[in-house]
Amino acid sequence: MKYVFAQNRRQFLLGLGGASLALPILPSLLRMPKAEAQALAAQKYFAYMELPHGAVVQTQAFPPDSMATEMKSYAGFNLRRGVLPSTATNGDVQLSGVLRAPSTLLTPGLLAKMNVIRGVDLTHYPGHGSGQSLGNYGDIVGGAIGDGDFTRPTIDQIMAWAPSFYGSTAVTERAIVLGEISWANSNPAAHTGAVQRVSQSAPTNVALFDKLFGSQTQTGSGGAPPPPNTLLVDKVVANYQRLISSGKLSSVDQKRIDDHLQRVFELQKKLSQPKQSFGTIPPRPGTATVDSSSDGYDVDPAAQVANINLWTDIVAAAFSVGASRIFTANLMETFSNYVGDWHDLAHSSEADRTATYVKANQLFFSGVFAELARKLDAISMGDGTTLLDASLISWGHESGSNSHFGTGMPLITFGSARGFLKTGQYLDFRNLNKQLINPPFEASWHGLAWHQWLGTALQAVGVPKTEYAGLTGGSAYPDIRPGDLSDLLPGDPGGRYPGTEAPYTDAVYAAAGELLPWMG
Amino acid sequence: MKASLIIFLAACASCTANVNSGVPAHKGANPGASSSSPNPGATNSDGSPLVPPVSSTTSQNPSGSPTVLGPNGMPLTAATPGPTALRRLTNTEYRNTLQDLLKLSTPPSDPLVPETRSERYNNFSAALTVAPTLLEQYQTIATRVAAEANVPSLAPCTPPAAESDCARGFVQSFGAQAFRRPLTADEINEYLALYTLGASGATYADGIRHALETMLYSPQLLYRFELGTPMAGDRRALNSYEIAAEISYLFAAAPPDAELTAAASANALSTPAQIEVHARRLLAQPRARAQLRSLLTQWLELPKLTDLTKDPVLYPTYTPSVRSAMGAESDTFIDSVLWDGDAKLSTLFTAPFSFVNAELASLYGMPDPGSGAALSRQTLNSTERMGFLTQASVLASHAKPGDSAPIRRGKFVREQLLCQALIPPPPTLKVTVPPPDPTLTTRERFARHSSDPLCAGCHALIDGVGFGLEGYDAIGHFRTEENGRPVDVAGNLTGTDVDGPYSGGVELATKLSTSSIAAGCVGLQAYRWTFGRLEQQGESEMVKSIVAQLGQGQLDVRDLVVSLAKTDSFFVRTQLP
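Read top to bottom, the protein sequences are chains A and B. Start counting the first sequence at 1; every next residue gets the next number (my numbering). Start counting the second sequence at 1; every next residue gets the next number (my numbering).
Some clues are possibly wrong.
A partial selection of chain B residues facing chain A, derived with a Cβ cut-off under 10 Å [unchecked claim]: (1) 110; (2) 125; (3) 127; (4) 141; (5) 163; (6) 189; (7) 316; (8) 576.
Read the hints as simulated data drawn from the structure, not as lab findings. From the three backbone atoms N, C-alpha and C, an ideal C-beta is built for every residue, glycine too.
Put together the whole structure using the sequences plus the hints.
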């Protein structure tokens with residue numbers, strides 16, 4: 001089997017293209033030694049993968065309404081839930097057109113760890129950007145909710161630097177980032193400094209492997225070991241400290257250097273951490289050079305699936321040995337052989353896009369996302385639970401069922417974060433009294449606020465509200481309440497239901513500080 | 001319509017009284033900077049000009065400012081010099097620095113976290129922090145380039161020379177280039193110790209690489225030091241090495257070359273004349289083209305073009321290749337005017353030519369130049385286009401995904417081309433946006449705001465500018481009709497020194513080309529880019545003076561930057577607490 005290792009396409013467009021390295025599947029990585037499992041007994045894991053555009057028609061994205069058999073009133077309207085069935089037909093379990101996978105993959109056990117969530121909305125105009133579905137509203141092309149500064153750290157970075165998440169635990173990569181999705185303060189530990197985009201962790205999956213587990217190819221001339229990096233960092237630290245003590249710096253520059261020094265300490269900590277402390281370092285696999293810049297990759301869904309699965313192999317390995325416990329990805333792969341412009345297709349009519357988008361999303365679900373869940377579920381924690389049980393992994397979209405709509409956002413999760421979340425459910429949080437009917441766009445409904453999902457995720461992995469700035473009250477994130485006007489592109493029909501009540505009421509925002517209903 | 005627009009519209013209620021007088025408010029980019037005094041010529045209710053004509057005074061010493069002596073006894077007169085600063089290298093500066101230090105054929109292309117922009121520029125020191133990922137990238141790059149360094153070239157050592165002596169020579173010479181100043185004795189010893197450690201049990205080359213890698217990772221390389229030495233009071237005089245770096249990074253985005261280093265060593269960078277010699281010399285080198293292009297494209301906010309999206313249903317011809325050609329057109333046009341032409345600001349505004357390929361020609365309604373994808377210099381239809389203001393890159397960048405956004409374009413002209421800042425709206429003001437209406441033109445939809453008394457104040461300033469550009473749609477295509485209705489391109493400038501009605505983008509460009517306010521604004525924008533910060537009190541007056549001396553709209557952009565490098569602000573800093 002041929003594996004293709006394309007860099008993230010945005011990276012490639014920035015001129016980083018070229019050949020990269022092939023890495024075989026790493027089944028040997030997917031084991032957790034007992035000792036390491038015990039050491040990691042209290043820790044939790046988070047993953048979020050995002051596909052661009054959304055634009056998946058709801059009738060294919062979600063299970064049928066009939067699956068939701070229970071109802072309760074919440075935030076001023078009625079919500080619905082049901083249990084995910086595990087019935088297989090012709091070898092497949094099919095919850096919806098998109099949520100379909102072989103019963104050998106989507107087993108009853110895995111389904112019991114899954115949630116399908118509907119009716120959690122981005123309450124602002126979701127333009128193209130990076131990280132908005134993780135809480136950063138400040139990088140949306142065209143300006144989304146004003147010219148103000150709505151740039152915020154994304155929740156993966158909040159977790160990564162929260163004292164309650166890693167604490168003093170050694171970690172190689174606080175958050176593995178693939179693509180453009182992650183944002184952090186320049187001094188993320190102190191929550192100070194400008195919020196900046198966090199770059200992809202490594203240009204290729206092999207580079208990520210080396211970063212996490214160390215390259216076995218580094219030697220000095222004549223086979224001598226290279227000088228220790230820790231000394232290098234120590235030297236730099238001394239240099240910076242001498243600068244700080246020079247008395248010539250203003251308080252502003254002092255702060256600048258202090259922040260820089262904190263980064264150096266963090267890096268020093270990583271470099272000086274013996275890799276062995278994580279347990280058995282998997283062997284670096286053999287490599288072979290392939291051309292990842294080939295045009296064919298863009299229209300080769302099998303290669304794309306294989307490529308991303310190799311990334312998640314390394315993620316699973318990193319999770320299993322504690323080298324990292326966070327993974328976020330904004331994937332530019334289409335998972336389709338569609339040769340036209342994927343963005344344009346998302347903007348095309350429902351009839352034109354549905355079949356292609358549903359097929360692609362189904363492939364991603366079955367071939368990548370559920371596959372990641374399976375990998376994590378195959379790693380025993382030594383106490384009868386699996387790495388998936390300790391995790392919250394999730395799949396979201398850049399926008400809703402119509403491109404640039406914040407409604408109709410599919411949200412799929414696996415894992416209970418060590419029993420913090422209830423799973424195995426279909427959760428329908430739409431307010432059926434607030435329907436948007438804007439032909440030719442598919443009808444959708446306002447529901448609960450995405451803030452509530454982000455707060456739920458933070459709470460699930462153990463990050464308390466005291467460690468981030470969210471909406472007043474409860475754990476909602478971020479601390480921005482967009483206006484009630486759903487701010488759509490000019491030329492599009494209005495983006496709100498026709499009623500007079502605000503699409504997202506005070507009650508909805510007040511509830512956003514709680515765990516999502518039925519999940520706690 | 002986006003709320004970003006709403007916010008701007010919402011400024012209407014009070015903005016007339018709050019429009020700045022062409023001296024933009026300090027927004028904290030330079031903590032400790034004092035606010036500009038209100039300009040007595042600010043807008044009045046009787047409609048008198050927002051901004052007075054630029055003063056013709058040639059004095060660069062505002063009344064009452066302290067006069068202190070520089071390190072060489074030269075009077076230094078800047079009223080409030082900018083603060084001392086550590087200026088982190090921009091990504092371009094960092095890459096060029098490594099290229100020069102390591103004698104690479106091209107700059108390293110390793111990924112680097114993009115700079116955070118402040119006031120639209122990517123080189124404001126206050127915004128250039130080091131995020132964790134960037135630090136790791138620095139470390140990764142340092143390790144890589146050190147491992148790949150050509151040691152025999154960088155640190156030659158041939159017997160009978162002792163390797164320790166060769167290493168000392170390398171530390172001294174390479175260190176001086178990397179730190180942009182001679183190393184202290186302690187520093188030399190420290191790096192020699194690193195060499196020794198690296199070479200221990202290994203080779204001379206390993207030791208050199210170890211020392212080299214450490215230097216590449218040091219604050220002295222990653223930051224430009226503008227700390228100076230004490231003068232009177234809180235003033236600090238930059239030393240000759242700091243000035244050498246200032247000149248070099250300004251005109252070449254690279255560390256000082258041998259001539260600049262020699263001048264610094266001879267303390268021969270202490271007068272404006274000495275600065276000008278090196279500035280002119282560097283202007284003749286290729287990197288200066290990219291630098292001045294960077295200034296002008298950032299001023300026009302063209303970097304946003306990279307990610308600019310348009311509604312594909314409304315604008316199916318806006319393809320990635322067209323977008324790329326738009327950016328290339330502006331780059332080529334700027335290069336042509338600055339390096340093959342007269343470099344005058346007025347030419348940038350009014351040049352009758354531009355550079356198009358087949359796709360752009362189609363967008364512009366011009367004949368295919370027959371150059372395929374390559375850009376070709378073509379004469380523009382003088383009734384439709386002229387200079388940068390009517391280029392698709394500028395028009396598309398200041399439009400919305402689905403419409404021409406006259407308010408946004410008006411705001412761009414007011415703020416970026418005339419340096420007239422508008423105050424944000426009161427948060428309580430609720431504005432109803434005009435809904436899409438296929439039976440109206442964009443102007444007709446927005447016209448209601450102009451008639452709303454709450455909005456009329458600002459719209460008198462904004463609409464008159466933005467509506468005049470309605471002859472171009474969201475991707476810069478020239479149009480005479482919209483939604484089957486004729487497009488009204490009548491505009492009216494107020495609050496400027498070129499007030500009056502005009503029709504369309506060509507006439508607007510013509511008016512602005514003769515505006516001393518616009519010329520002063522370009523001076524101010526260049527000043528910000530030159531120093532990586534907002535202007536301090538007194539500095540904007542100094543810039544106006546320089547622009548006046550250079551002939552207002554007839555100024556040569558290259559001369560402008562050279563002149564800025566000769567000001568007191570180039571030599572002196574203020575030590576902040």
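Q.
When the structure is checked against the list of hints, which entries are broken? Sort them ascending.
A. The structure conflicts with hints 4, 5 and 6, although it agrees with all the remaining ones.
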